[in-house]
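Number of protein chains: 4
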Amino acid sequence: MADPAQPIGPDGPRARVVVAGATGYAGALAAQLVWNHPSLELAEITSRTEAGTRLNEIYPRYDVPLALKELQVADLEDVEVGIVAYPHAAAAPVVAEMRGMGMVVVDLSADFRLDDIPTYEEYYGGHSEPELLDGAVYGLPEIEREAVKQSSLIANPGCYPTASILALAPLAEAGLIEDVVIDAKSGVSGAGRSGGEATGFTHVTENVFPYKPAGHRHRPEILEKLNKLAPEGSKRIETFTFVPHLVPVDQGELVSCYVKTAAGLTQEDLDSMYEARYADEPFVTVRNSPPGMRDVRGTNQCHIQALAGDDRIIVFGAIDNLWKGSASQAIQNLNLTLGLDEGMGIS
Amino acid sequence: MADPAQPIGPDGPRARVVVAGATGYAGALAAQLVWNHPSLELAEITSRTEAGTRLNEIYPRYDVPLALKELQVADLEDVEVGIVAYPHAAAAPVVAEMRGMGMVVVDLSADFRLDDIPTYEEYYGGHSEPELLDGAVYGLPEIEREAVKQSSLIANPGCYPTASILALAPLAEAGLIEDVVIDAKSGVSGAGRSGGEATGFTHVTENVFPYKPAGHRHRPEILEKLNKLAPEGSKRIETFTFVPHLVPVDQGELVSCYVKTAAGLTQEDLDSMYEARYADEPFVTVRNSPPGMRDVRGTNQCHIQALAGDDRIIVFGAIDNLWKGSASQAIQNLNLTLGLDEGMGIS
Amino acid sequence: MADPAQPIGPDGPRARVVVAGATGYAGALAAQLVWNHPSLELAEITSRTEAGTRLNEIYPRYDVPLALKELQVADLEDVEVGIVAYPHAAAAPVVAEMRGMGMVVVDLSADFRLDDIPTYEEYYGGHSEPELLDGAVYGLPEIEREAVKQSSLIANPGCYPTASILALAPLAEAGLIEDVVIDAKSGVSGAGRSGGEATGFTHVTENVFPYKPAGHRHRPEILEKLNKLAPEGSKRIETFTFVPHLVPVDQGELVSCYVKTAAGLTQEDLDSMYEARYADEPFVTVRNSPPGMRDVRGTNQCHIQALAGDDRIIVFGAIDNLWKGSASQAIQNLNLTLGLDEGMGIS
Amino acid sequence: MADPAQPIGPDGPRARVVVAGATGYAGALAAQLVWNHPSLELAEITSRTEAGTRLNEIYPRYDVPLALKELQVADLEDVEVGIVAYPHAAAAPVVAEMRGMGMVVVDLSADFRLDDIPTYEEYYGGHSEPELLDGAVYGLPEIEREAVKQSSLIANPGCYPTASILALAPLAEAGLIEDVVIDAKSGVSGAGRSGGEATGFTHVTENVFPYKPAGHRHRPEILEKLNKLAPEGSKRIETFTFVPHLVPVDQGELVSCYVKTAAGLTQEDLDSMYEARYADEPFVTVRNSPPGMRDVRGTNQCHIQALAGDDRIIVFGAIDNLWKGSASQAIQNLNLTLGLDEGMGIS
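These protein sequences, in sequence, are chains D, G, F and V. For the first sequence, my numbering assigns the number 42 to the initial residue and increments by one for each residue that follows. For the second sequence, my numbering assigns the number 42 to the initial residue and increments by one for each residue that follows. For the third sequence, my numbering assigns the number 42 to the initial residue and increments by one for each residue that follows. For the fourth sequence, my numbering assigns the number 42 to the initial residue and increments by one for each residue that follows.
One chain only, chain D, in its complex shape:
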């Protein structure tokens, strides 16, 4: 573990990090970001199926020359931090083992995101480590910054909740959302590297289509978190529709949120609400023009526009699903919990 007398930072020792599951898109990017981070050291990268290969052979666009190993948590005695990029359900036992070693863990899976175990089990099956849930913090720094700083187990949200919650937080925190439709458009990398025909080029190019349009598993997560933001005594969201679509884009996520509220908000009201809420946030930009996926590609930024539209409030939020929607947000969380500058290595 890091010597508390010598704090991690530009002048102290680097925190040693393992990325478990570094061959998926999010894990590989996390490894690359750690590799170039001034206060982190990439101690080890692991893979369940490609051990022995160097990461820059699999991803020539990254410059991590380390070879992948098989994960042996017990051997990671001098590693302080684990980033776990495992599939849902497979992550929880690895997280538990790392926490048992005293490591700080950022988990990219859904395993510790939901407060409500029955909801988790409805969508993901049985949960192997429910006792760890209490200590886990939902790692959306713009919402839970202080809690993240104090936590050693951070459940890193995925791309849909990140974009949706950031787009809607100012309205949710004012208790103003009664009814919302979230129409999400996601790039293909969000479906992971395993791919298959549905994410093949010939299926995706010149195509846009909805997928899992009813009962998507990110729906309860977004709803739970938005309702938690509402002030005591305010009404809960009554009507909530979330529909994702696949678009022929590699990296990118755009949510178009259609909100009904009893409050008669003008454009000026919206402008001041959003600007006030995000004025000090380094990674949220409130705009008065429609944000596009390209505007945030390869960055930890979320671009937002809130509009008093025809018969509804319309809020657009754009992120890069692999960056702010996954790997760079993991680094942002790590920076916070390690006491580093929040934007180090991701600005």
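Possibly wrong hints are sitting among the right ones.
Here are the simulated SDA-like pairs of lysine to any residue, each with C-alpha atoms no more than 20 Å apart in a straight line [claimed, not checked]:
(1) V:K301 with F:D220
(2) D:K253 with G:G350
(3) F:K190 with F:G53
For the record, the hints were derived by calculation from the structure and aren't laboratory data. Just so we're clear, the structure is a prediction, and the values are computed from it rather than from any experiment.
We have chain D; now place chains G, F and V onto it with these hints.
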């Protein structure tokens, strides 16, 4: 004019057609469809700026070898049909001149689509031929088939209204829509050939963004037509939001419609409503899987799925914006008004 | 078998066709083309892994409503024609069985393309039906039209040889090619439906890369066929380089051919050679502007430009790899061998 | 001007930089790279047509908040460095004026790249500042590093020469190239922001086509530079063909070079030549797998593979046309001439 004693058709003479404005995407496709149509003859193609060039030089993917001319309506004495692919407002005087010659006209512009002149003028400026509006029929054959058959001036709807109205007609005709959000995704060809930076490849690729998210000029058209479908005495749509997005696709249009209704419709209700409504429509396919743009590319088809979704009815509609959303629908209308088989030349 | 007294054709009975392997990209398109063909009847479609499913479920963009079956050649007594869309080596035994039933066969695989068995075996492994090779005709109609008309076993060439041989035939037939580089760019559908990570959207988009740049198995096929075109006594091609590249395109193929020749050919010489050679070919267009993949997408056309370039003759050839490079060329061959109009169902 | 007693660098003052023509793709990226560079200060950005607008309004993906001004070189007294991103011919007078003020200039145009004035004038028209040519250095650091360090006027090469020369330099420096074909594939951003129909999304998507296949103006530049690399007394390149193609990619460039040489080079020979030549180059990676555009996107890297192919040596070179092919290479050159670490701000 065609000799009424010798009806147009496979065994009669071909109707002679002029396509005015044949260098834009929709006009060029209309010319190509006429060129290959067994009962139409492409008598002339015109262009305001590229007269003298052959169409297959501009579009090597089409095989129309005719040279473009400048439009002189007065010279078109032996031409029975005009397809007008002019910009809004520029179309109306050409349509009037052609009607004055006794020609059957299909107009691809917005000039004769709206019943309500003040609404037209709010979005498009002054209307030069208001007296022709009464005789114009809104050319959505699945809605107005009998009227199209009787009309000599057909206002061909654009891609957004076509997809939206077909997706929502079964609900609208039952008077069940109280509140609807239409989130539309459109390919780039919908913006026309003139292009500019906003439709340049480097701006569009790896990008998705909303455009004109409030006050889009197709909103009143869709709303007017949906409300016309509702039965006498039923409530009108109270809350109506329409937001288009540009996606990195050449040809294609997907509308995702989110409907609230007091009626508690089950999936079975929806299935039977939609199947009954479209059972006899050759160009509408009701599906039980999410439709994609690729499924209808290069066809006159509209693919629809209606879902009893989370807290709302969700209806997806996919068309090719240049085909069913413009040029092939013009041919479908022409077939109807000329007494030909409705699918001739577009199946 | 077809009754010889009642010839196949618009007024005779339709020839009954089975497409074996109809779920791959080429097989599915072949099935669709047969389905809409005025003188062919799609009797059966088969699949080794997806029997029981309707083809229009797998490919909603096609309208073939037949269910796939498992192939039982012995049961195909009243089927006159087989289109075999099987992988290399797997095709040969099926072709043999069909020929044994007296069927006319168009084989889309490489199994009967090469005259030279040792070359075949070097690239594809052992050949199970070498005795059928003698009767097989290389199905490039622009080169072997008369032989195709007489043959009952047609080896349909793939996209690289089709584009390359058509681009170079006028020079090869004049014995003028000494040295040639073929730099080929291919759309992703050429790699087949099985896909895998290499053809996943996230790997292909915003990317261009060579694949199998040395020793590609289409090299000996192209070389063998070009040398066969050279007149008796003329020199053979001495130096021959063929390198394919994958481009982020669904359907399309462009070959850029760089030729050295001792003959001092001017642009005028080239123009007259190419125009004379292809003047009567309905599916080859000689152009004086650079052809693009889009110009031929969804057609049986090959667009060619020959240029007296800097220090070399440069010839570009563009086709749709699934159409002229596979499925529509199969129909063109079938039309010829059945005595139908060559362009029926593919124009 | 910078105080020579206080050298520029991490601990000294930052060099003040103007980017003239910062609204084109290359100029904008150069401004962004200067903005984030630890030893450079972005003093001013200029535009001939968009003065008054902030750069991050035009390019929301960049974070430069400065407003564009009209260029007044005479007012730039305290600016030490000019990056000129003007069109060919328009750049030369601006460069001259800046040099007259004592500024170090990196010019992104072709105006000072060619040694041979008649060749320049054949392709670009009259040259307004021929007397400056002698002092200009061709800014390809891997070839001219020491000269760049000594120069105050650096002609930054474009994407085609950068990729081609780096791919071929080891062979050219050994005097081994007799005959070469360069088949280049370029992303659309290489055509500049002005765009027009040829670079519109609908023209480029699902398309690949050659452009200016004969007499391209980068041909003489590449040929001149390659011949300069050959040792005294060795033969010059006799046969040289260069053909660019446009591919549906935003940023990226791949050159496929086909070389004939009398020397019988084996794969081992090539490997040792290329590895030795580039072993110490931080921005060139020699690979034994085919490089793709994606591997170098958004980096200053050039990835190269040299192959003893069928009948020829084949060398592939991949760069990002806007980075190593323009803006980041300009920063690499600036770092060298200012005595900074070569990779500062671009690694």
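Structure versus earlier hints - violations, ascending order:
Violated hints: none; all satisfied.
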